[in-house]
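Engineer: Residue numbering for the sequence shown follows the working numbering, beginning at 1 and increasing consecutively.
Please keep in mind that the hints were generated in silico from the structure rather than gathered at the bench. For each residue, glycine too, the CB sits at the ideal point set by N, CA and C. Heads up, some of the hints might be wrong.
Pairwise CB distance ranges, derived in the manner of DEER restraints [stated by the list, open to error]:
{"hint": "1", "residue 1": "D6", "residue 2": "Y79", "range": "21 to 27 Å"}
{"hint": "2", "residue 1": "A93", "residue 2": "R64", "range": "21 to 27 Å"}
{"hint": "3", "residue 1": "A112", "residue 2": "P2", "range": "17 to 23 Å"}
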Amino acid sequence: HPGAVDSELFRDFDVALPPDPFGLLPPTVDASIGTLSTTAQSFLKGVVGSAPVSVFKKPRDAARDVVVGLVAPGLAGAYLSDGEPTETSPGAADDAAAAELWDWSRSTIDEALALIDEE
Numbered sequence: 001h002p003g004a005v006d007s008e009l010f011r012d013f014d015v016a017l018p019p020d021p022f023g024l025l026p027p028t029v030d031a032s033i034g035t036l037s038t039t040a041q042s043f044l045k046g047v048v049g050s051a052p053v054s055v056f057k058k059p060r061d062a063a064r065d066v067v068v069g070l071v072a073p074g075l076a077g078a079y080l081s082d083g084e085p086t087e088t089s090p091g092a093a094d095d096a097a098a099a100e101l102w103d104w105s106r107s108t109i110d111e112a113l114a115l116i117d118e119e
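Required output: the full structure, derived from the provided sequences and hints.
Structural biologist: Set out below in structure tokens:
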């Protein structure tokens with residue numbers, strides 16, 4: 001992830017969140033998603049609009065890590081920051097935690113898709 005980038009990512013952030021696609025939320029929560037969506041949009045636009053410019057990377061600088069990671073020999077699996085290989089946090093290198101997260105994610109999605117298939 002390149003971090004915060006000075007881009008127009010939120011230029012079209014006026015789209016409301018969709019209703020609960022899997023029918024997992026109670027009706028009262030599902031009905032309030034529109035209000036939550038409007039609140040989240042306002043909040044994000046305010047944060048992005050009021051942050052100092054120095055917080056954001058220029059798009060070219062943000063893309064550098066991605067490009068270097070793709071084309072530089074010997075960097076497979078490396079974490080880059082400002083174009084240089086950088087140590088990750090211990091949690092990012094925990095293969096057991098990654099496997100557990102993968103299994104949980106897959107199980108959660110499989111359960112949601114099974115609910116849709118029952119309809």
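Engineer: Next step is simple, just say for each hint if it's right about the structure.
Structural biologist: Evaluated hints:
Checked against the given bound of 21 to 27 Å, the beta carbons of D6 and Y79, roughly 22 Å apart, stay inside it. The hinted window of 21 to 27 Å between A93 and R64 holds, with their beta carbons roughly 23 Å apart. At roughly 30 Å, the beta-carbon separation of A112 and P2 lies outside the given 17 to 23 Å, and the hint is violated.
This entry does not satisfy hint 3, going by the numbered hints stated previously; all others are met.
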